[in-house]
Amino acid sequence: MTLLKLFVALGAFSAASHAMAWDYVLLDTHTPAKNWTITSEQLGVKTAKPFSVTLRTLHGGRQEGVSVVDIDNGAMKLSVVPTRGMNVLQASVGNVRMGWDSPVQEVVNPAFIELNGRGGLGWLEGFNELVTRCGYEWVGHPGMDNGELLTLHGRAANIPASTVTLHIDEKPPYAITLRGELKEQAFKKVDFSVATELVTEPGSASFTLNDTLTNNGDYPKEYQALYHSNFSTPFLEQGAKFAAPVKQVSPFNDKAKGDLADWQTYRAPTKDYDETVYNVVPYADAKGETLTVLHNKAGSLGVSVGFNTQQLPVFSLWKNTDTQGQGYVTGLEPGTSFSYNRRYQRPLNLVPTIAPKEHKQFQISYSLLADKGAVDNALKRVSEIQAGRETEVRQAPLVDLTQH
Amino acid sequence: MTLLKLFVALGAFSAASHAMAWDYVLLDTHTPAKNWTITSEQLGVKTAKPFSVTLRTLHGGRQEGVSVVDIDNGAMKLSVVPTRGMNVLQASVGNVRMGWDSPVQEVVNPAFIELNGRGGLGWLEGFNELVTRCGYEWVGHPGMDNGELLTLHGRAANIPASTVTLHIDEKPPYAITLRGELKEQAFKKVDFSVATELVTEPGSASFTLNDTLTNNGDYPKEYQALYHSNFSTPFLEQGAKFAAPVKQVSPFNDKAKGDLADWQTYRAPTKDYDETVYNVVPYADAKGETLTVLHNKAGSLGVSVGFNTQQLPVFSLWKNTDTQGQGYVTGLEPGTSFSYNRRYQRPLNLVPTIAPKEHKQFQISYSLLADKGAVDNALKRVSEIQAGRETEVRQAPLVDLTQH
Amino acid sequence: MTLLKLFVALGAFSAASHAMAWDYVLLDTHTPAKNWTITSEQLGVKTAKPFSVTLRTLHGGRQEGVSVVDIDNGAMKLSVVPTRGMNVLQASVGNVRMGWDSPVQEVVNPAFIELNGRGGLGWLEGFNELVTRCGYEWVGHPGMDNGELLTLHGRAANIPASTVTLHIDEKPPYAITLRGELKEQAFKKVDFSVATELVTEPGSASFTLNDTLTNNGDYPKEYQALYHSNFSTPFLEQGAKFAAPVKQVSPFNDKAKGDLADWQTYRAPTKDYDETVYNVVPYADAKGETLTVLHNKAGSLGVSVGFNTQQLPVFSLWKNTDTQGQGYVTGLEPGTSFSYNRRYQRPLNLVPTIAPKEHKQFQISYSLLADKGAVDNALKRVSEIQAGRETEVRQAPLVDLTQH
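Sequence lines, in order, name chains W, L and D. Numbering-wise, the first sequence is residues 1 to 404 according to the UniProt record's numbering. Numbering-wise, the second sequence is residues 1 to 404 according to the UniProt record's numbering. Numbering-wise, the third sequence is residues 1 to 404 according to the UniProt record's numbering.
Worth flagging that the hints you see were computed from the coordinates, not collected in a lab. Any given hint might turn out to be false.
Negatives, chain D to chain L, calculated, CB over 10 angstroms [what the hints assert, rightly or not]:
(1) H59
(2) Q63
(3) F112
(4) E114
(5) G147
(6) P172
(7) Q264
(8) E358
A partial selection of chain W residues facing chain D, derived with a Cβ cut-off under 7 angstroms [what the hints assert, rightly or not]:
(9) T54
(10) L58
(11) G60
(12) R62
(13) D70
(14) G74
(15) A75
(16) F112
(17) N116
(18) G117
(19) F127
(20) G327
Every residue gets a Cβ at the ideal spot worked out from N, C-alpha and C, and that includes glycine.
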């Protein structure tokens, strides 16, 4: 039997076949991360293109001891970082890369980061992923709230996953599921766990995150989530466009007011531009599903980010069209909240509460739109969701940031 | 010769037989922690029940790389965490567990904790042990003192032990001694070392901590120590009792005033209770020995914590009888000091000084009281130490916490 | 061929012979640090005395996982710490040790240090090296600047090197070069890399640091560098002397005013002395080269520290002649800047700027002066550089530290 042989060959890894699937524990209390690979050939699976999953460990510098899981589904190559909140480091299809070039080149082990450093901006010393989980106790800019310094975008991205498992369906389409659990726990303060899941199918140019936040505590707790999804070239360029079904848009701050008229169009890399951010309240379909699209100027290449507004009701568009070296990047960021410090978001009703033992699900789908047809289809879907409903363009920020 | 064979078999571990004992270096500058076990059988020792000591390493999440030493003395199983200040994670006899269920489930590697986070409460992200060492530069609640933020309960619990050795007597009762050294050092600031020791005997339901703090510096230094010893069910329950020979008791703060009349009795898990703390000055016998007891309502099961008031003159009773999920737990905490920030304790004369090269010893004994007879004996000892002397019950806290 | 055999024997290490040299990758993204040694015998090199380079990993305490490279050039033994900014831990020739005895005994892994702890003095928990790199975003005492707490002496000493390579020339004098790269990166904040290099020759009692700071970013950035070079006995003793070609000297603060008259002479270990610091502007020769010397009272043993004032225009003399246990040590510290917080140094024009893609080189040479002849030669060189030019002795500190 194939599986038995695998089990023997894998050494430290336990493999078991349940419910028509292969399951591997890559990392757990008694299972150290080790270099390891499984391939469709080893599984005796025949897909159009072979797939594989690899676990490796990085060394040197501030990335010492960081685990990375590489998934090659035959069409798309994905890298996931268990040591950094199961963040998606990058994805690519052929030479088209989803992700960006941060000045932070290393995949930084959270052991070397002081989130409280740099006035609460320590998070910036590790920020370079395609998808960075923000939350779940809070998100947003650093600042005091309830007498405590909330550091930028919370802790999730700097929590190593405590259990990492790989699940491959034994039947077509042989879905590949990578799971990892984040524990966000502090006595008297918080008792969250986040069951993260990344799913992709062999041959697909898409992947989905499917996270479940649980409040294990006995008290209701405020929470916030934001999926910081970051793209650069070849999607981002002068004249690139953002599309979404928009109910309301507003500038994040005074600086963003200036470019409000062009908020859906991107600049070329622009010296001293820094960033502008727009707060978006999206429309959704009857089930709450919505879609956001980033595409190049020609409309021949793009990405879509889909989510459900019952889970993630708001969205931030982060336009960091500064120079290439500074980080030419845009963030498509579905969230429970905008990027203001938590204390500003309570009056906006954007600091939800999770009841004891309650679960909150967050599903976000990422797709490469590889040609004009795919882009047009996605834009059509955006238009269908908008369904002619009007967009409120607010001229002023929702929050008066000059007031403390 | 048994030992020679062991030496060969153990590989990295050096074993030597001196003064009628087996000695093993489990962790040192050139000895990485490795999975390892030694058993009474391997040693050729015949005890009523076999004993063993195991070293293992945890993986995944924020417990990556944490070393744990499990001692099974034949009657009691103990887990000690070298990576976290040689803290005692838990102890159990059969299905009776000493310890508690913290929302913090992982045994957190200090590399992932910012003690200065959460306004100095970062310590709470790792707090889940049966015995957590607090000190030795300071203990107490976070706050400014001498222009510096003192973080909750000092650094000891988050200092990895630098040398860990196991010593087993070659003669009955074959006492098992686990040692580890904590270095609390910062140029110009502090030069402490703490030689920690945990001793237990095969078949015993007790263990003793025997720590020696040394000021290696050339100047006298303030120091503080507090042994945060934490118990839950089956000892803690509605109607459970605390007993000690008490010279003086006072409420820690205004909140604790309300329950002062019942300070020695426990509540069931109580929603929104949070915690009350009582400051206790215990009586001791002529040698300074004293005993504190926690027992269940029926008086059929308990634990005792014994110490010497010449070493640890005061005691905090921490009653955290909140819900089970929040952490239903009581702390029996002998110390040089109460749990106030250090700046409040100087006027109380509870910030002692250690002279250059001076040693301070702290011995604390923990015993399971497995039946009514054992509980009664312990209570009798408490009564003998009290010896009819009166208890001063102060109605007001010793410290005005509203004043900064 | 020797090299091929080595390649096979070394396992994980890749060795290659280019341009008449042996090159070994000791640590890199896919190369974990492993215990390893190379000797001149293995290389088939015949020098007056054999040389060797060893890589080892420390365990236990806060030094868990720290890599150390020991270079024995046949005359001088050097220890370099890749995990701590490629700092030079110590050097010795026979029983003459360059370095000092800090209360910090461990070689502390930065993972266990909170630089923001102790009010920004967390750096002191790891400070014990012969040469500690300070910078490169800032140096100096902790304090607020531009709304951010700058921690003591910057991050460099606590950045693990991301790539460590060893290069040995295949031709006499068989120079041994150890390289490591430091990445000081944070999105939006800084994008520095520092290519560090330590060079020594078989049989030599000298070594040279040759660092190249690069601003990889697209914007000019402020930077600061300071090479904290620390010596104790047998050079430092009562009556030991410091010599340099001095253009200007001033006391760092009011305390240093008191000893200004004797600023070039050292005290015996002195209780309660703490430290005095003198700011020195050195003279240099036509090429910018200058030399500073520390020697014992008899003038029979010393060290010299040479640098170029076009790279490092100023110098701090740190006289920490407190007790042996507190750390009896003097720092010879060439830098771009003095040790004031950065906000004080801008008005002094000591916060230079590095342009985008610009490189800044810092070369510092350390030599043991093993006898009176060597000391006299060095003092003669100092005198030649001074060339009779006058020294301005300022009575007051350059900075009014009472003003914020």
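Now for the hints, and whether the structure bears them out:
Chain L draws H59/D into its interface by the beta-carbon criterion, the shortest separation being 5 angstroms against a cut-off of 10 angstroms. Remark: the non-interface label on Q63/D conflicts with the geometry, its nearest Cβ contact in chain L lying 7 angstroms away (cut-off 10 angstroms). With 10 angstroms as the threshold on Cβ separation, the claim that F112/D sits away from chain L is violated: the shortest Cβ distance comes to roughly 6 angstroms. Non-interface status of E114/D relative to chain L is broken: a Cβ of that chain comes within 10 angstroms, the nearest being about 5 angstroms off.
Listed as outside the interface, G147/D is consistent with that label: its C-beta sits roughly 18 angstroms from the nearest C-beta of chain L, beyond the 10 angstroms cut-off. With a closest Cβ-Cβ approach of about 35 angstroms to chain L, P172/D is found to remain outside the 10 angstroms limit, as its non-interface label requires. Once the 10 angstroms rule is applied to beta carbons, Q264/D is consistent with being away from chain L; the minimum gap is 24 angstroms. Here E358/D stays apart from chain L, with its beta-carbon at least about 34 angstroms from theirs, past the 10 angstroms limit.
A distance limit of 7 angstroms between C-beta atoms decides the matter here; for T54/W the minimum to chain D is near 12 angstroms, and the interface restraint is violated. For L58/W, the suggested interface contact is upheld, since its CB lies about 6 angstroms from the closest CB of chain D, less than 7 angstroms. For G60/W, the shortest C-beta to C-beta distance to chain D is roughly 5 angstroms, which falls under 7 angstroms, so the interface hint holds. Checking R62/W against chain D by beta carbon gives a least distance of about 6 angstroms; that is within 7 angstroms, so the hint holds.
Residue-level restraint check for D70/W is violated (minimum Cβ-Cβ distance to chain D is 13 angstroms; threshold 7 angstroms). Taken as an interface hint, G74/W does not check out: its beta carbon lies about 24 angstroms from the nearest beta carbon of chain D, beyond 7 angstroms. With its C-beta approaching chain D no nearer than about 26 angstroms, A75/W sits outside the 7 angstroms limit, and its interface hint is violated. Residue-level restraint check for F112/W holds (minimum Cβ-Cβ distance to chain D is 6 angstroms; threshold 7 angstroms).
Below 7 angstroms, beta-carbon pairs count as interface contacts, and N116/W has one with chain D at about 6 angstroms; its hint therefore holds. Against a cut-off of 7 angstroms between C-beta atoms, the interface hint on G117/W holds, since the closest Cβ of chain D lies about 5 angstroms away. Checking F127/W against chain D by beta carbon gives a least distance of about 5 angstroms; that is within 7 angstroms, so the hint holds. Evaluation of the G327/W hint against chain D yields a held restraint, the C-beta minimum of about 6 angstroms falling below 7 angstroms.
When each numbered hint is compared with the structure, violations occur for hints 1, 2, 3, 4, 9, 13, 14, 15.
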